[in-house]
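Participant: So the sequences go chain by chain: A and B. Sequential numbering of the first sequence, starting at 398, is according to our numbering. Sequential numbering of the second sequence, starting at 9, is according to our numbering.
Hints listed in this document are in silico derivations from the structure and should not be mistaken for laboratory results. Some hints here could point you the wrong way.
Only pairs whose alpha carbons sit at most 16 Å apart, straight line, appear in this in silico EDC-like list of lysine to aspartate or glutamate [stated by the list, open to error]:
#1 B:K371 - A:E469
#2 B:K360 - A:E432
#3 B:K381 - A:E432
#4 B:K371 - A:E538
Not everything, but these chain B residues come out facing chain A in the computed CB check (under 8 Å) [what the hints assert, rightly or not]:
#5 G203
#6 E368
#7 R370
#8 L372
#9 R375
#10 E382
Source: prediction; values computed, not measured. Note that CB positions come from ideal geometry on N, CA and C, so glycine has one too.
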Amino acid sequence: MKEALGGLSLHAAELARAFDASFAEAPHADARTFEDVLAIRLGEDPHALRLSQLAGVFPRRSIVPLPSALPELLGLVSIRATIVPVYDLSALLGRPPRTQPRWIVLAAQAPIALGFDELDGYRRLSPDAFVARAPAEGALELVQTGAELRPLVHLPQIIDAIVARAEQAKERKGSVRDVR
Amino acid sequence: MFDNWTFGKKVGGGFALAGLVLLVIAGVGFQSTANLIENDRWVEHTHEVRTTLADLISQLKDTETGTRGYVITGDDKFLEPYRSSLVESKRAFDHVRSLTVDNATQQRRLDLLGPMVEARLAESKRVVDTRESAGWEAAAKLISGAEGKLIMDRIRVAISEMDQEESRLLGQRTADAEAAAAATRSVMLWGSVLGALAVGLIGWFIVSSLSAQIGTAVHQVQSSSTELQAAANQQASGSKEQATAMNEITTTISELLATSRQIAESAQRVAQIAEQTASSARSGDSTVERAHESISAIRRQVDSIVGHMLELGRKSQQIGSVLDIVSELAEQTNILAINATIEAAGAGDAGKRFAVVADEIRKLADRVTGSTKEVRGLIDDVRSAVNTTVMATETGSKAVDAGSKQFGDVASAFKQIGGLVSTTTEASREIELSTKQQTSAVEQVNVAIANVAQASRETEASAEQTLHTATQLSSLSKALLRIIQPQVS
Numbered sequence: 398m399k400e401a402l403g404g405l406s407l408h409a410a411e412l413a414r415a416f417d418a419s420f421a422e423a424p425h426a427d428a429r430t431f432e433d434v435l436a437i438r439l440g441e442d443p444h445a446l447r448l449s450q451l452a453g454v455f456p457r458r459s460i461v462p463l464p465s466a467l468p469e470l471l472g473l474v475s476i477r478a479t480i481v482p483v484y485d486l487s488a489l490l491g492r493p494p495r496t497q498p499r500w501i502v503l504a505a506q507a508p509i510a511l512g513f514d515e516l517d518g519y520r521r522l523s524p525d526a527f528v529a530r531a532p533a534e535g536a537l538e539l540v541q542t543g544a545e546l547r548p549l550v551h552l553p554q555i556i557d558a559i560v561a562r563a564e565q566a567k568e569r570k571g572s573v574r575d576v577r
Numbered sequence: 009m010f011d012n013w014t015f016g017k018k019v020g021g022g023f024a025l026a027g028l029v030l031l032v033i034a035g036v037g038f039q040s041t042a043n044l045i046e047n048d049r050w051v052e053h054t055h056e057v058r059t060t061l062a063d064l065i066s067q068l069k070d071t072e073t074g075t076r077g078y079v080i081t082g083d084d085k086f087l088e089p090y091r092s093s094l095v096e097s098k099r100a101f102d103h104v105r106s107l108t109v110d111n112a113t114q115q116r117r118l119d120l121l122g123p124m125v126e127a128r129l130a131e132s133k134r135v136v137d138t139r140e141s142a143g144w145e146a147a148a149k150l151i152s153g154a155e156g157k158l159i160m161d162r163i164r165v166a167i168s169e170m171d172q173e174e175s176r177l178l179g180q181r182t183a184d185a186e187a188a189a190a191a192t193r194s195v196m197l198w199g200s201v202l203g204a205l206a207v208g209l210i211g212w213f214i215v216s217s218l219s220a221q222i223g224t225a226v227h228q229v230q231s232s233s234t235e236l237q238a239a240a241n242q243q244a245s246g247s248k249e250q251a252t253a254m255n256e257i258t259t260t261i262s263e264l265l266a267t268s269r270q271i272a273e274s275a276q277r278v279a280q281i282a283e284q285t286a287s288s289a290r291s292g293d294s295t296v297e298r299a300h301e302s303i304s305a306i307r308r309q310v311d312s313i314v315g316h317m318l319e320l321g322r323k324s325q326q327i328g329s330v331l332d333i334v335s336e337l338a339e340q341t342n343i344l345a346i347n348a349t350i351e352a353a354g355a356g357d358a359g360k361r362f363a364v365v366a367d368e369i370r371k372l373a374d375r376v377t378g379s380t381k382e383v384r385g386l387i388d389d390v391r392s393a394v395n396t397t398v399m400a401t402e403t404g405s406k407a408v409d410a411g412s413k414q415f416g417d418v419a420s421a422f423k424q425i426g427g428l429v430s431t432t433t434e435a436s437r438e439i440e441l442s443t444k445q446q447t448s449a450v451e452q453v454n455v456a457i458a459n460v461a462q463a464s465r466e467t468e469a470s471a472e473q474t475l476h477t478a479t480q481l482s483s484l485s486k487a488l489l490r491i492i493q494p495q496v497s
């Protein structure tokens, strides 16, 4: 216990030093190009989302269910006074559906939110961490985060598909129900 | 009918019968003797009558002789027999009359004889008077007159008749006396013979009856004395066995006495040890009481520790809650930093510096999150330690409770031990007392047994004496039997 406390106080001291240092050091310009990703989990499986493709990350909000033929559509949610539809990312990737996502990300491309289970955290990765892979549905790339390899979810493709379906539905009758 | 008579009755009856026979014989003999004496008296009476008659005539002769002597001599000394015979002859006459008062014939003759004697005496007086007054010649003349001689002859004849009469009576009475004597002799003789026969018969009867009776009795006595002998033998042997048994009992009782004394000493030692045990139990009791108090203090301390630990747990929980808030805040900060980074990226070049700050904030939030995780781990460690401690303490508390209870049990056990030990002490004292009483009782029993042994020895001696006596009695009864029934023995 004392040892742990000692470690903790050392840690606190380090934190304080780093905090102080952040004010002391001059803001360094990034020479290298970094790619920021969000490490997430769908069920037990790790995945990654490009931060540049997102408009925001939010903890779980109250989702208002919406009658729909789409099993992926969880309902509507209010984000920054805007009502956006929430889709189950897991279901969209052809995985078992998750009805109660803990996190919601807002896509940068369109006002569409996606729900998922776990947020592992923010990762700032160098470009060599991205590993190309044979194109597959929804996951074209892999990212190396620490010891894990995560499939990188290609969000624009998914949003495009949703939007395309919405557009088709709109073209038919202008009713979401008639998209099918 | 005589078989039922007792010895005394038989002997008394026999003697009474013999006495009766003797009494009858004596009565008859007495009667005969009385008759004989009466006859003898009558004979004597007759002899007296005859003597008195002879005396009368002699007196008359003395008168005549005295008269003649005086006449012849004129001497007064010759008058002496005359004068005495005057009185004596009258007295003899009266005596004869009185003696023959029962005989009428003799009385009649005396009536005739009386005047003749008077006449004779008057004649003599006249002669004497004549001699005195007229002298010798006148008197001689008177004497020579035949008157005096005539009277005298007649007197002689009358007295002779009387004498003959008396002589006849004498003969008759002598015959009577002889007859009475003969009767007496025969009564004596035959009475004696009869009496002897009766006594012999009675004696034989008594002897035979009594010897049969006594013989039976002696036989019984003999058999009884034989039985008595056997009984005395048995008694003697029994007494010897009893004496031996008494000796053994005395030995056993002595051993018992020694054992009782040992028991008393052991009981005394037990009582001492029990007292020591009681004091030890009391000190153990107080020690246990102190230990109990210590355990109670420990219990209170443990309770206090548990309370503190639970308080610590609660504080840790509160810290956890605070840490949760911190963690939440850090997460939200992180999210905000991510969103800021996203917004900064959208802002183009102007957002680059903001992106740097947001990155710093994000890093800080990351670190805070890491730190909160560490703190959470520490708090979890603390809580688990607290839990472990609380559980251990509760286990300890339970152990203390159990120990306290056990100490209570031990204390009650000590109290019980104390009670039991005091009971033991009392019991051993009672045992000691009882054993002492028993010892004194056994001593008394020993004395009593010694007395009994002495008594049995005396009994043995007396049994031997009895045996001796029985033997003597047996030989005596044999001797008695020999005396009574010689033909049997």
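Participant: Work down the list of hints and note, for each, if the structure agrees.
Facilitator: How the hints compare with the structure:
1. B:K371 - A:E469: violated, 34 Å
2. B:K360 - A:E432: holds, 14 Å
3. B:K381 - A:E432: At roughly 27 Å apart (the allowed maximum being 16 Å), A:E432 and B:K381 break the hint.
4. B:K371 - A:E538: Not satisfied, since the Cα-Cα distance of roughly 26 Å exceeds 16 Å.
5. G203: violated, 160 Å
6. E368: Status holds, d = 5 Å.
7. R370: holds, 6 Å
8. L372: holds, 6 Å
9. R375: holds, 5 Å
10. E382: With a minimum Cβ separation of about 6 Å from chain A (threshold 8 Å), the hint on B:E382 holds.
In this structure, the hints that do not hold are numbers 1, 3, 4 and 5, in rising order.
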